[in-house]
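**Q** In case you want the letters, here they are:
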Amino acid sequence: MADVKLRDIRKSYGATEVIKGVDIDIADGEFVVFVGPSGCGKSTLLRMIAGLEDITAGTLEIDGVRVNDLEPSRRGIAMVFQSYAIFPHMTVRENVAFGLTINKVSKADKEAAVANAARILQMEHLLDRRPSELSGGQRQRVAIGRAIVRDPKVFLFDEPLSNLDAALRMDMRMEIGKLHQDLGASMIYVTHDQVEAMTLADKIVVLKDGQVMQAGAPMDLYHNPANLFVAGFLGAPSMNFIPVSVTEVGPDTVTVSSPSLDAISVPRKGRDFTTGQTATLGVRPQYLRPVGADAGMLHGTVVLTERLGSETVVDVKLANGSKIIAALPQDMVMSPGEAVSFTFAPDQAHAFPE
Amino acid sequence: MASKLTTSNRAGWGFALPGFGLIALFIVIPFFFAFYLSLTNQRLISPNPTEFVGLSNYENLLSIGVLTLEPERDDAGTIIRDDDGLPEYPRVRSFTRNNPDFPQYAGMQEWFRWQSGDTAKVVVATDVVFWKSLWNTVKFVLVVAPVQAGLALCLALLINQRLRGINVYRAIYFMPVVVSIVVVSLLWRFLYSPDSGLLNNMLQGLTFGIFEPRDWLGNPDTALGSIMAMSIWQAVGFHMVIWLAGLQTISPMLYEAASIEGASKWQTFRYVTWPGLRNTAVLVLIVITMQAFALFAQIDVMTNGGPLDSTTTLVFQTVERGYGKQDISGGATISVILFLLVLTISLIQRFLTRER
Ligand SMILES: Nc1ncnc2c1ncn2[C@@H]1O[C@H](COP(=O)(O)OP(=O)(O)OP(=O)(O)O)[C@@H](O)[C@H]1O
Ligand SMILES: [Mg+2]
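Listed in order, the protein sequences are those of chains F and D. At position 333 of the first sequence (counting the first as 1) the number is 333 in the working numbering, and the numbers step up by one without a gap. Just add 1000 to wherever you are in the second sequence, counting from 1, and you've got the working numbering.
It is worth saying that the hints were derived from the structure and are not from the lab. Some clues are possibly wrong.
[As the list claims (entries may be wrong)] Taking beta-carbon pairs under 7 Å as the criterion, some of the chain D residues facing chain F (in silico):
#1 Asp-1215
#2 Leu-1254
#3 Glu-1256
#4 Gly-1262
#5 Ala-1263
#6 Gln-1267
#7 Thr-1273
#8 Pro-1275
#9 Leu-1277
#10 Ala-1281
#11 Leu-1283
[Claimed, not checked] DEER-style ranges, computed between Cβ atoms:
#12 D:Trp-1266 to F:Ser-135: 51 to 61 Å
#13 F:Thr-275 to D:Ser-1251: 37 to 47 Å
#14 D:Gly-1150 to F:Ser-106: 51 to 61 Å
#15 F:Asp-23 to D:Gly-1262: 55 to 65 Å
#16 D:Arg-1164 to F:Arg-10: 40 to 50 Å
#17 F:Glu-111 to D:Trp-1266: 41 to 51 Å
#18 F:Asn-68 to D:Phe-1269: 54 to 64 Å
[Said to hold, decoys possible] Once the Cα atoms are required to be at most 20 Å apart in a straight line, the calculated EDC-like pairs of lysine to aspartate or glutamate come out as:
#19 D:Lys-1265 to F:Asp-23
#20 F:Lys-203 to F:Glu-53
#21 F:Lys-110 to F:Asp-69
#22 D:Lys-1325 to D:Glu-1051
#23 F:Lys-317 to F:Asp-294
#24 D:Lys-1265 to F:Glu-338
#25 F:Lys-153 to F:Asp-25
#26 F:Lys-317 to F:Asp-347
#27 F:Lys-208 to F:Glu-71
#28 D:Lys-1265 to F:Glu-53
#29 F:Lys-153 to D:Glu-1051
#30 F:Lys-203 to F:Asp-63
No experiment lies behind these values; they were computed from the predicted model shown. Glycine included, every Cβ here is placed at the ideal spot set by N, Cα and C.
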């Protein structure tokens, strides 16, 4: 019903280009999350879709119609802001009904729509309060309610949960997920938070410096990152990168080695290598397993341990001075200075050419 | 707590002292002094000792009454009419001078009258000039407060845009504020001048000579209006800046939210801008009201209260009596009345515009 297409979208402020040609396809009913480091242009991109920023070049289509020059209100979108942007002098009821009041919808229809939104968000008891009498989570609920009432084709969220505390963020995250299931509308969601991205998204778009680094299903990005940036960006703690040199290139594998690592063949995944070039080997901390000193592939000494209960994160200094992190799936006691060795399955490692 | 504040904070009190001292010296003490003077018969310079006269100053100023005049009838009981067919009435003097039947009207003068059927109602007051100055002041406030506040808001809304060269406009609108009101009044006297004044010339030019030049400040019908117009123009920039400050406290996010919901310009103003300006509006209204009640310099420079007391105001009367006529207790009485009036109105405004 409402797919969104971005074709070579660009945005410049004066001479500086902040969005540098972005192509994204969002299918009807899809939940898409934009992630990326601060300042990469996530908000700008979202605001361009909303119509709050002009599009310098490229084509934006919603539901098959080019909407570059349409007013925000005529694009069939609703937006939820990080700082809620609810009207402080109106009650919750008036806030939620704002779009309908503006469009002179009849009182009965208005009340039905508000009641429906309040039921979905479980905030019937809050309707007569003012925003100053609400908690942060309740305010964000009001903002979402206002979006629901518009019955938009596409919901836009700009870091809606980042002003909330950790516990509330988790609740609201689940509610937004449920909302997506219930409403079945397309949603575009900007966040810094990896967990939000991984749990909510049908598709994650990783941005850097105004360009798309990779777009795809969360697990696809996690297991098959297309480049070093995506590999390092997704997953916590982030992926270990070990500088290596290529010793042999096979049809499906590439063999790499380094002074602190014995030769190992890892999947090539279609990337081009030449023998002798330097490359980077990536291994997620979770895939490192501690082994006896003679069996391991990586040898070093413990610098720091963080015991999280279900997991132990160990900082290890390798023989050649570089550092790696291992996340071990149980509570373990390791004291600083202790010698450790790790191994990993070659097919869980990634090789990226320089 | 209080003792700690007074003992252990010498430096703080030391710093506050000059400010407190000046406020006490020039505002608090004079106010109580004025209140005291209003209860006496003190003259500015007089050989006679000061006497305590109670509230008689207030009585003189405030006493007012309505006299009902029956038309004169001849012996047959029919109303005597003049050549225009209007009924004739006994003279007001016959009630207010040496008439033992109406002691309450003794010494009063006619302020204005109106007709009710064949009887005439005459408002008489002991101090007609005071009542005229009160009425002029109230008229001035009632016109200037809303018009100046509204105009200033319109200007602020226009100015609050990101356009090239907008600062030039901000400066232009603000400029009259930094010019002394006396200078502005002198200049406007030239503008309003009856023969060669700019206003007359301009209106004549615009109407191709149909417009009759008039003496704006010399005519009781136009004098107060002319001063109102000039006063509004002079201070509108000041209030524009206050509105502007209020406008800039409104989160841009709210405007974005409203635009996504499809609010028109007017709806955006009604639902976002105006509610966000609530506190500013209270401030602007109270400040304008107080300034308007204090109207003096323009009158002093431009009309001296005339013609026919049509532009005299409470503050002008205070100064006129206190220094011009050396009746310092009379002036003090008016200033106390003005104080109570402004205080009451400010309290009412605060109450009406309170946060609900
Ligand atoms: N009005 C503007 N004028 C000039 N540059 C701007 C403007 N707005 C944003 N930028 C630049 O555009 C880039 C992208 O900004 P944007 O707000 O989209 O980042 P973001 O990815 O949302 O960051 P964050 O995660 O911190 O919210 C930044 O480098 C910023 O400096
Ligand atoms: Mg942002």
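**Q** It remains to establish, for every hint, whether it holds in the given structure.
**A** Hints, verified against the model:
1. Asp-1215: violated, 49 Å
2. Leu-1254: holds, 6 Å
3. Glu-1256: Nearest chain F Cβ about 5 Å off; hint holds.
4. Gly-1262: holds, 3 Å
5. Ala-1263: Since chain F brings a Cβ to about 5 Å from D:Ala-1263, closer than 7 Å, the hint holds.
6. Gln-1267: holds, 6 Å
7. Thr-1273: violated, 11 Å
8. Pro-1275: holds, 4 Å
9. Leu-1277: violated, 11 Å
10. Ala-1281: violated, 13 Å
11. Leu-1283: violated, 17 Å
12. D:Trp-1266 to F:Ser-135: 51 to 61 Å: violated, 33 Å
13. F:Thr-275 to D:Ser-1251: 37 to 47 Å: Given range 37 to 47 Å: violated, Cβ gap about 60 Å.
14. D:Gly-1150 to F:Ser-106: 51 to 61 Å: Between D:Gly-1150 and F:Ser-106, where Cβ atoms are some 33 Å apart, the hint is violated.
15. F:Asp-23 to D:Gly-1262: 55 to 65 Å: About 29 Å separates the Cβ atoms of F:Asp-23 and D:Gly-1262, which means 55 to 65 Å is violated.
16. D:Arg-1164 to F:Arg-10: 40 to 50 Å: Since the Cβ atoms of D:Arg-1164 and F:Arg-10 sit about 25 Å apart, the hinted range of 40 to 50 Å is violated.
17. F:Glu-111 to D:Trp-1266: 41 to 51 Å: Hint violated: Cβ distance 25 Å, outside 41 to 51 Å.
18. F:Asn-68 to D:Phe-1269: 54 to 64 Å: For D:Phe-1269 against F:Asn-68, whose Cβ atoms are near 28 Å apart, the range 54 to 64 Å is violated.
19. D:Lys-1265 to F:Asp-23: violated, 34 Å
20. F:Lys-203 to F:Glu-53: violated, 24 Å
21. F:Lys-110 to F:Asp-69: Answer violated: F:Lys-110 to F:Asp-69 is near 29 Å, above 20 Å.
22. D:Lys-1325 to D:Glu-1051: holds, 18 Å
23. F:Lys-317 to F:Asp-294: The hint holds at about 17 Å.
24. D:Lys-1265 to F:Glu-338: violated, 69 Å
25. F:Lys-153 to F:Asp-25: Since the Cα atoms of F:Lys-153 and F:Asp-25 sit roughly 15 Å apart, the hinted pair holds (cutoff 20 Å).
26. F:Lys-317 to F:Asp-347: Status violated; Cα separation ~24 Å.
27. F:Lys-208 to F:Glu-71: violated, 28 Å
28. D:Lys-1265 to F:Glu-53: Holds, at roughly 18 Å.
29. F:Lys-153 to D:Glu-1051: violated, 85 Å
30. F:Lys-203 to F:Asp-63: holds, 18 Å
Going down the numbered hints, you'll see the structure goes against 1, 7, 9, 10, 11, 12, 13, 14, 15, 16, 17, 18, 19, 20, 21, 24, 26, 27, 29, while the others check out.
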